[in-house]
Amino acid sequence: MALSSEKMPALRTLKTEPAPAASSVHLPENAPAPPERWAENSLLVAFSFRCNLACTFCMVEDVLHAFEGTTLETFRRFAAQPGALDGIRRIVFSGGEVTLAKNLLEYIEFARSLSGIEHVRLQTNAVRLADKAYLKSLADAGCDEYFVSFHGHNAQVFDLITQKKGSFEEVLSGIEAVRQAGLTLITNTAIAAQNVNHLAEIVKTVSPFAPASMEFWNYWPRADEKAERGHFVRVGDARQPLIEALLACVERGIAPTVKWFPKCLLGPLAMYHDDGQPKSLIELSARLPDAKKAFLEGDPIPDYFEREPGYACIYEGVCEHADNLSEKGTPASGRCAGLAEPYISRFGWEANTLQPKRKVAVADYDSTMSLVRDAGEKRSSAGKVAVWLDRFGFSQGARVEGFTLVSVTPTQDKSLLSLAFQSVGGNVVVRIAPKNESRRAPVRTPSFDLFYNVGDRTPKEAASALIRTVALAIQSNDPGQLTLP
Amino acid sequence: MSLLPASKLVLKDRTGQTLERCEDGDLFHDYVLGQYTPLAPHTNKLRSVNLLYRSFAECGVSSEGTHLVHHVRNALGPFRTVWGIKTLAGKITGWEFYFYDFARTHADLSISRMCGVLAPLLTVDCAVSRELPWHMWSVEFSPQHLQKKATSAVDIYIDMRSYKAHGSTLAFENVYTFHDSRKDIDAVLHRLRSSVHFDDARDNLGALIPPWLFRCGRMCVANKRRADGLYFSRIATPAAQRFVAERAFPESVVRFFAEHRGELDHLLWDVGFDFVGDTEPLVITKASIYGSF
Chain B
3 MALSSEKMPA
13 LRTLKTEPAP
23 AASSVHLPEN
33 APAPPERWAE
43 NSLLVAFSFR
53 CNLACTFCMV
63 EDVLHAFEGT
73 TLETFRRFAA
83 QPGALDGIRR
93 IVFSGGEVTL
103 AKNLLEYIEF
113 ARSLSGIEHV
123 RLQTNAVRLA
133 DKAYLKSLAD
143 AGCDEYFVSF
153 HGHNAQVFDL
163 ITQKKGSFEE
173 VLSGIEAVRQ
183 AGLTLITNTA
193 IAAQNVNHLA
203 EIVKTVSPFA
213 PASMEFWNYW
223 PRADEKAERG
233 HFVRVGDARQ
243 PLIEALLACV
253 ERGIAPTVKW
263 FPKCLLGPLA
273 MYHDDGQPKS
283 LIELSARLPD
293 AKKAFLEGDP
303 IPDYFEREPG
313 YACIYEGVCE
323 HADNLSEKGT
333 PASGRCAGLA
343 EPYISRFGWE
353 ANTLQPKRKV
363 AVADYDSTMS
373 LVRDAGEKRS
383 SAGKVAVWLD
393 RFGFSQGARV
403 EGFTLVSVTP
413 TQDKSLLSLA
423 FQSVGGNVVV
433 RIAPKNESRR
443 APVRTPSFDL
453 FYNVGDRTPK
463 EAASALIRTV
473 ALAIQSNDPG
483 QLTLP
Chain C
27 MSLLPASKLV
37 LKDRTGQTLE
47 RCEDGDLFHD
57 YVLGQYTPLA
67 PHTNKLRSVN
77 LLYRSFAECG
87 VSSEGTHLVH
97 HVRNALGPFR
107 TVWGIKTLAG
117 KITGWEFYFY
127 DFARTHADLS
137 ISRMCGVLAP
147 LLTVDCAVSR
157 ELPWHMWSVE
167 FSPQHLQKKA
177 TSAVDIYIDM
187 RSYKAHGSTL
197 AFENVYTFHD
207 SRKDIDAVLH
217 RLRSSVHFDD
227 ARDNLGALIP
237 PWLFRCGRMC
247 VANKRRADGL
257 YFSRIATPAA
267 QRFVAERAFP
277 ESVVRFFAEH
287 RGELDHLLWD
297 VGFDFVGDTE
307 PLVITKASIY
317 GSF
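Residue numbers (the working numbering), protein chains in the order written: chain B, 3 to 487; chain C, 27 to 319.
Heads up, a few of these hints could be off.
[Claimed, not checked] One-sided excerpt, in silico: chain C residues whose CB lies under 8 Å from chain B: (1) D206; (2) R208; (3) K209; (4) I211; (5) D212; (6) L215; (7) N230; (8) L231; (9) G232; (10) I235; (11) P236.
[As the list claims (entries may be wrong)] Under 8 Å between C-beta atoms, here's a sample of chain C residues computed to sit facing chain B: (12) D226; (13) A233; (14) P237; (15) F240.
Worth flagging that the hints you see were computed from the coordinates, not collected in a lab. Don't be surprised by glycine CBs; every beta carbon is placed ideally from N, CA and C.
Pulled out of the complex, with its shape left as it was, chain C reads as follows:
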């Protein structure tokens, strides 16, 4: 697989944002790096990574962020990395890159190798030397991290759990279960009803699982330290557009979908949010959207 020709990378839209367009041989992945067939002819339409670029621009780190994408892609090759944009209270708080290796060979994707690859652009504090049976690990970063003003930790995902790695210490973080939202709905309901943050008699399940997200690819229920989470995979562009609008993503991110209407209909997106309701009625806190490059 060749990397993108440079000419394709310098195209810009009217906001001055770099635009990457799909080539014939592009691969499309959801947020667990599951490959999908695009919904419509894709050649010359936009790649999902353009939304990530827009979010970098929103935070004033367009150059650093775009450079990081190119850097990771050069090191791993295209179509191997999942990205996520994280928001809280309408503001972008950061991003996360996810590296999958379901075969667990950990060859070119070993954490130590990738930390070395990232080192020129991100300072990552992970010195876990033991071999662990992870199928994915991720690194979270903010504008401060991109400007080398902070050190990133690593999250390591083993089976249904994740652990935060700081230096050589590992701390338990989250539990995730994945479900076919329709066939496994009893399991989803069970997971939600057993959450300390959701009260079936108090909270509106329809707000937690909006009907326009219900028919997603898979639903993931997460239990976290200070919140629980729901993720919806493989939603079409109109639903993604509605999600960023309803979850109050920054205006420029919301506008991206409208500006490029007709150039995104081939894509599927993944979205998720955290919710908290242990002391007050449930509220949705953090929200995120995912793509791949």
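Chain B on its own, in the form it takes in the complex:
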């Protein structure tokens, strides 16, 4: 991911703790338990693929207006089948935007009338929820959970994604109405190129509305088979901002959920990973032999499921996290599906980035009868970083102005190097990017732009001394034309 002038200010103003490598992430003792794996006991009923927003990464963009939605009669017929709702405690209505359906209340009332159903959930953009009378009618009909898409921390980013000016304020009004009504709020944020650097800020924006949970779903490339839409972020680059966001949730007592992101990159935060998806009425029906006759009326958009992305992981045969049965469809509970096939085709398997939790140690494997086991990188990433640091007189673990250099993290595309310093009293992250004169930078050397953020509790004088020393060391040893490791 290339840094742009738009994104840099956000990097500089992050107020959350800097995210160390996943392996050194420490959960606070009072970290909330993972939320209920709601997908396991939920049935999703799809409404028409119509929407009053136009999110740039909409997953049904190619079939908007192609599906008229599950009719109430179809829903009724399905529910009347013996055993159809076995194990189901929640009905989830999704779209498109469900609140555009004029007879939504009838669906909710019918769902509530079904035996064993304890919750009715709307997956919505919340634009209409600001209408308190409308929200009350939904609640009175029996809808108690509101799963709201929330993809940007401010109006600029949010409205850019939804492609509707003013939508940020509308949605904030909607979720405020949910909070005031005492209903359950859960937010869902897609992780994509447009918002990846703002995930922790989204937590800060949403947390005053007391969400029961915040979900972060890595971009799901349905109908983007060639990964050409530009929404993917390399997982190595998304990891740090995602960890920052998850820690921001945890620190605020909010239980997060992560989907479609490699579980092995989350360290102890992997407890919040859940790739499960609910059973879908449209999917169940479409896969039965007489689907149309039995349940669905109209064309069940035959291409829809064919264009669902498959998921795989190069390490799925050796990793405890892997979903060994992960053909297209719902992974087993708690299992990691891996990477989307379009992502793999475009960016590769990330074999050097993933950190599989091995069932069998590599050293136990001997079938190649090879004398060497380390073919691959001519010099490890850590080795390259060490050589680069040495030029400026630094090394991992070095003491600088009372701080310790605890981690040095390059982004996958070598567009940024983060130096995380910690002391007893606080922490500072110095981020180094290739020089780009089209943007402002606090410190500029012949080859690099330096940015920094200082932890909330860090004494300013100490932080200033550290930043000055780091900047001078780089400045005085930078003849120009240097690159990041």
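Using the hints provided, position chain C relative to the given structure of chain B.
Leaving out everything else, chain C in the frame of chain B:
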């Protein structure tokens, strides 16, 4: 095992191609002659050899190629021979038949006997008289070979290596290792990362091991003289169809899968390709698909 009734052999599809249909007792093998259970009921559906026939037609040697198949089958019996179609830059360059004898008894499959069997249709230049511990040997041929305008060599496979036999000389050719693509992925990655043609930092592993081929039966990594190779065994028909399309097999071969949709869902296929990347970023060169008859 009886040979096919003649009536089944004369059925043709709308392109005029001979079609062989499965019988109840058919056996199904992958490209190392490992037997598999068909994925779906198979009776009266198409045998994989029909794709081979289509490739012969594509090259204008339908009669010679089909005759060769029948000839080998008459000599060895059915379901003992693996076939491969080879392509380069979108064109079929030839075919290869593989004869397996894992017990190494080399009774009816001795190279000398089979060269004699093939002699009326293919001129094979192999005069290796020593007994060698091979488990497989193969003969490669092109349209020119089928028209008796060229002489075929023989490849002899011993353990993980192959040797090219020309006359009585043997020259080292390739090294092959076979892996469970999922459980042995570390070995696969090691084999690839130690290839002079693959650079982990430069080349996209996802293009080399596409996710839709990853969950194959076994993966084979080959080191060759001028390239390295990857093979994926036991892939289902949709993946085989995608492979021939993406690897730019001739249109008529690609079309075969679409024309016979629903008649191939019982089959598993094997595919492979060579890749070169010693001086430039990796490119896939030769591609092949395999079946058996």
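If you take the shortest Cβ to Cβ gap from F240 (chain C) to chain B, is it below 8 Å?
-> 6 Å, holds
Close enough to count: is the Cβ of P237 (chain C) nearer than 8 Å to one in chain B?
-> 4 Å, holds
Would the stated hint for L215 (chain C) survive a check requiring a Cβ distance to chain B of less than 8 Å?
-> 6 Å, holds
Mind checking the CB of L231 (chain C) against every CB in chain B and telling me if the closest is under 8 Å?
-> 5 Å, holds
Interface hint compliance - D226 (chain C) to chain B, C-beta minimum distance less than 8 Å = Given a least distance of 5 Å, the restraint on D226 (chain C) holds.
Minimum beta-carbon distance criterion (8 Å), K209 (chain C) to chain B | Since the shortest Cβ distance to chain B is 4 Å, the answer is holds.
Is the interface hint for D212 (chain C) satisfied, with its Cβ closer than 8 Å to some Cβ of chain B?
-> 5 Å, holds
Identify whether the interface hint at I235 (chain C) stands, where standing means a beta carbon of chain B within less than 8 Å of its own.
-> 7 Å, holds
Measuring from the C-beta of G232 (chain C) to each C-beta in chain B, is the shortest one below 8 Å?
-> This hint holds: G232 (chain C) lies near chain B, its Cβ roughly 4 Å from the closest one there, short of 8 Å.
Restraint outcome when D206 (chain C) is required to lie within 8 Å of chain B by C-beta distance | Status holds, d = 7 Å.
Are P236 (chain C) and chain B close enough, Cβ to Cβ, to be under 8 Å, as the hint says?
-> Since the shortest Cβ distance to chain B is 6 Å, the answer is holds.
How about I211 (chain C): closest beta carbon in chain B under 8 Å, or not?
-> For I211 (chain C), the interface hint holds, since the closest Cβ of chain B sits about 6 Å away, which is under 8 Å.
Checked against the numbered hints given earlier, this structure breaks none of them.
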